[in-house]
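J.: Listed below, chain by chain, are the residues.
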Amino acid sequence: MTSAAPARALQMALYRRMALIRKAEEQLASDFKAGLLPGPVHLYIGQEAVAVGVCAHLDEGDLMTSTHRGHGHYLAKGGDLRAMFAEVYGRATGICGGMGGSMHVADFDRGILGANGIVGGGIALAAGAALAAQLDRRNRVAVAFFGDGAAAQGVLSEALNIAALWQLPLVLCCENNGYSEFSPTAAVNAGTISDRAAPFGIPAARVQGNDPLAVWQAAGEAIGRARRGGGPTLIEAETYRFHGHVEGEKAFLKEAYRSDEEVAERRRRDPVLMFRRRLIETGLGSEDELQRIERELDDEVAAAAATAGDDPWPVPDMLETFVLRAGDAA
Amino acid sequence: MTSAAPARALQMALYRRMALIRKAEEQLASDFKAGLLPGPVHLYIGQEAVAVGVCAHLDEGDLMTSTHRGHGHYLAKGGDLRAMFAEVYGRATGICGGMGGSMHVADFDRGILGANGIVGGGIALAAGAALAAQLDRRNRVAVAFFGDGAAAQGVLSEALNIAALWQLPLVLCCENNGYSEFSPTAAVNAGTISDRAAPFGIPAARVQGNDPLAVWQAAGEAIGRARRGGGPTLIEAETYRFHGHVEGEKAFLKEAYRSDEEVAERRRRDPVLMFRRRLIETGLGSEDELQRIERELDDEVAAAAATAGDDPWPVPDMLETFVLRAGDAA
Amino acid sequence: MPRKRTIHAINDAIIEEMERDERVILIGEDVGSSVFGDTRGIRNRFGRDRVRDTPISEAAITGIAVGAAAAGYRVICHMMYANFLYTGFDAIANQAAKLATMSGGRIKLPIVYIAFAGGGHSSAAQHSDNPHPALMNLGGLYVVAPSSPISAKGLLKSAIRCDDPVVFLQPASRTGEQGDVPEGEILAPLGRARTLRHGGDLTLVAIGAMVRPALRAAEELLQEGIDADVIDPQTLFPLDKGAILESLARTGRLVIVDEARDTCSAASQIAAIAADEGFGLLRAPVRRVTVPDMPIAYSPPLEKALIPDAARIASA
Amino acid sequence: MPRKRTIHAINDAIIEEMERDERVILIGEDVGSSVFGDTRGIRNRFGRDRVRDTPISEAAITGIAVGAAAAGYRVICHMMYANFLYTGFDAIANQAAKLATMSGGRIKLPIVYIAFAGGGHSSAAQHSDNPHPALMNLGGLYVVAPSSPISAKGLLKSAIRCDDPVVFLQPASRTGEQGDVPEGEILAPLGRARTLRHGGDLTLVAIGAMVRPALRAAEELLQEGIDADVIDPQTLFPLDKGAILESLARTGRLVIVDEARDTCSAASQIAAIAADEGFGLLRAPVRRVTVPDMPIAYSPPLEKALIPDAARIASA
Ligand SMILES: Cc1ncc(C[n+]2csc(CCOP(=O)(O)OP(=O)(O)O)c2C)c(N)n1
Ligand SMILES: Cc1ncc(C[n+]2csc(CCOP(=O)(O)OP(=O)(O)O)c2C)c(N)n1
Ligand SMILES: [Mg+2]
Ligand SMILES: [Mg+2]
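First to last, the protein sequences are chains S, V, L and D.
Here the numbering used here is used: position 41 in the first sequence is 874, and no number is missing along the way.
Here the numbering used here is used: position 54 in the second sequence is 887, and no number is missing along the way.
Here the numbering used here is used: position 212 in the third sequence is 1558, and no number is missing along the way.
Here the numbering used here is used: position 22 in the fourth sequence is 1368, and no number is missing along the way.
Derived by calculation from the structure, the hints in this document are not laboratory data.
Take every hint as true, because none was put in to throw you off.
Which bits of chain D does chain S cover? Going by a derived footprint, with three or more residues having C-beta under 8 Å, they are:
1. 1383 to 1392
2. 1402 to 1409
3. 1463 to 1474
4. 1636 to 1647
Nothing here was measured: the structure is a model prediction, and the numbers come from that model.
Virtual Cβ for every residue (Gly too), placed ideally from N, Cα, C.
Extracted from the complex, chain S is given alone in its bound form (with noise of 0.2 Å):
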């Protein structure tokens, strides 16, 4: 790292969110095993450190897209925790009334443009929002999340050229997870993800993505140059996903695509726990305080499934209020 670590305070606040993100997923995954989720869900489990180092440098007005893997985004950029649960519980006061579930969860008030079923759709939704910005000169940044897999659609060759051009205010961050559903990420892209912008003339840099700080610090770097109007920036950022690519998948894969030893290994770069430890060893956080942010976290995961849980079903009546109709427009 080339600049100073962040402040205390700030650190404390990416370990929060982060054991946020997970808590809240070790809750769906229970929830998954117990049957109360209607439909899939995958899970960000040992990715937290990316969403959080990175929107740590959002703020409300800053717009972001994200994937089907999007809790952990949607709860990094400051999505309500109870309103998250109800939509994946698909309950009516879900953040989208029910009609979205886990692949859609947004909140347009604080600049969630959405997580997004069709892998790589982000991508060209924060280049339009980052058009946006750009036309609004209030130097709002607009950031795209999307996995390794989806850097093999052709639509981000699309959004580098375009955003290079316009010097859109536009961070493009791929999370390599190491995987693309089943296949292994050198079995569906070729070379390095992030030598791809520099062809269109875009700075990129690779980071490790289970170190928030690392990744605070190139996010960092990007979003400032962004916001000066400095233009578009690729960060790859190397994590790895604990959990299956969708809850449940052992249940009908026939044969393993990867082996218990290595998500054992991988387990133990855990992005939660090397940075509570890392907490504890620069003393910026004694054990005391990191228990009593893990009970408060807790607690409040708790409450929000436990309400959300308890929350009523939406009515089929209001889909009416979907339905296009005559003479809206003029």
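Knowing the structure of chain S, use the given hints to seat chains V, L and D with the ligands on it.
T.: For chains V, L and D with the ligands alone, coordinates are given in the frame of chain S:
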């Protein structure tokens, strides 16, 4: 150029083919002015060295996809002249029976998988043809011609990635003629197009597209490598179109997108004339011989155009044959 | 009343709406030079910030429209030929048509995708589709098909002010047609048909480019003593069923003319509505005059045979 | 007769055809691991040359299928969820559906695009579309919708042998269903409907996933004294009009059940045919039981309200 220039016979063949394309298209240009062409035509005049230099390495078994500006590729790959005229004239004897027209000339028996009205549309088709060639194990190759404008289509990066992963026998040949319709290349493509191959581990070459020998040389390396199982190459050939994007464009454009001086200046580097001059300078061709070839071509073109122009129009009844029907399959 | 070509009516509509609301922006390939002339002069007038020539990247462009709209702009996204909607179809079908509903209505997406649709100019299969059936089936987009300079202007202005995505499909074969266009504000409400001719013997519904030949066919039919209503739905989704059924109640006979391929066409949808809600009104089979189910051919005699004309309509 | 799940019937069909013709190849995202199980074991059996996992690049994949087919292979191109057809729509709509015709019939394109379509699994709007209306309107592709293990196997085998492009839309909600599948060669000709039930009082046409609830509804109707024909078109383009009209001639009543959104659905096309060619046969309004014109919702009570079920069919 690193290796020796091709032998006399080959150079004369290159010249003949370039001059054929030029003369055929000049015929179409005058046909257009005379109101004889039912649909739009995009002429290749000024770019002949590219198609001819590349296709000199291909035989009928090799596969090629082309663009909306496709007459040159079609003729360079051995397509029948008269059937092309008949097609552009909309006649029943056309290479596509009058169904396709200028933007769709194709001859599958000669590996010409078609001109294409979708910018970038031929790129994935060529990758698929290269897959077929690879599976066949008969050392065939596939070539995709596309423009600088088409390089902005995401499908190019998708094809680069897949071609690299699968080591397809594919040559991606970008003809950078300085314009994408009415936009200068730099306005719609960031950086240098040939640089976009390296991140995928694909070799690239940037060549003088108005010099058939330079193109021949670079294409020979690429196609040879592909035949030997060495995988794909991206070639960027710098060239210029002398005519408008589409014939008759001045009728609908209000402002000029390039100056007459620019066109005049570039016409001084006319690939056909430059190569002609070189053949004489190097003593490979005499003025007499070249004039004889040109007269032959004039006759060939005039005869083809005249007979095609007298050919019958297709009759609507034949449309029936294209309707999908029950039971065709089993 | 001043006469205008359709292309100028569209140009006026864009300029007026960009003057009216500075959050209206225009993006697309060569919108500066303007292939059809409809965006001519707009970049010079409003500058390169609000009017952007894009690279040939339909997948990105259609999605950029969604992102910029979600972030507060009104985006006119020019797609040139309607076949290129397919090239950028993901962001249209999976994003623009769905995002508002998937989000529980918490966002509005004011986007107009403009495209020039249909055949008649020997541009062959990849430049001649009328893709409105695919768009109408998405359920999340208004689909608009003008038929004259005045309807083009009124519909486009309404489309630009609409808070939901609209696909505006201008018939490519009708850009040069002249018609009366009054000065000043013209707004044609989305989702409302126009009855262009009141007959009473037959309901002739015609879409987009088919309105003119339908009106001509109506004249021919009059010679035979059949006086037709001619209805232009203007908006194809959502359809103005009421106007059609109301006419059908008087005529009992329905012919629909649509330059889309027959299967799953707008004509079929209207016929299906008639066969259900209008069943009691029908006194004769519902005829569809449409394009046979195949790609459009290049050669003029072939293309002419595929696309409905007044004679085919009159004999339906 | 041995019982099989649909997913295994599809698996068998692919294996049998790949055994039969070494020019059949299979490409798609994770066809090796197989998300749905339909391609499981195929890579091990036929090797990584003929069975290729692709990157997530739908635009390229759909086009690669066209190129490889034009160069002599029979390509099975697995698109996973039907919504991803939109992502790769250019090569489907502008190339696969048009190339043969644009070339005057000088090429054949044996391609099967397999996709899993429809809702019922709370996967929300981007994983639940039934895009057959858009595909049916292209006119250059067979569109096939199986409804049972045996129809899936027979149709898929025919599709793989077909020299023209076919889109095979397996209902995603029906992959686990069991049914009788005889050993040995099963080929269901494309373009032919199956009559699954002979009643005589009512013609009930049901598509894909809707066949089962339609059969259930027919049982319910029998209690009310209405004995329905149930027809499964199997191929949506080109439609087997004859089978439907023949039944209609006996029943005079038509209800069509389609899990597509209503506007421009297959249901509407069938209704339109009935209102024209079958007009003289109709004794009652033609009812469509379809999905309302909006994206599919995630939450189970909402999704359930959108997708037709036996009760809604019986009351239509
Ligand atoms: C357009 C599209 N194609 C395919 C899929 C199916 N799919 C869902 S997630 C996924 C893998 C994505 O990999 P990556 O981008 O690396 O994200 P990760 O799952 O690793 O977070 C695939 C193929 C999809 N949702 N959208
Ligand atoms: C998908 C698609 N988008 C837009 C167009 C309209 N169009 C036709 S040619 C062209 C410019 C192509 O530029 P380039 O690739 O450089 O080829 P050139 O015309 O210079 O040979 C455009 C935008 C098209 N035909 N297809
Ligand atoms: Mg991944
Ligand atoms: Mg060019």
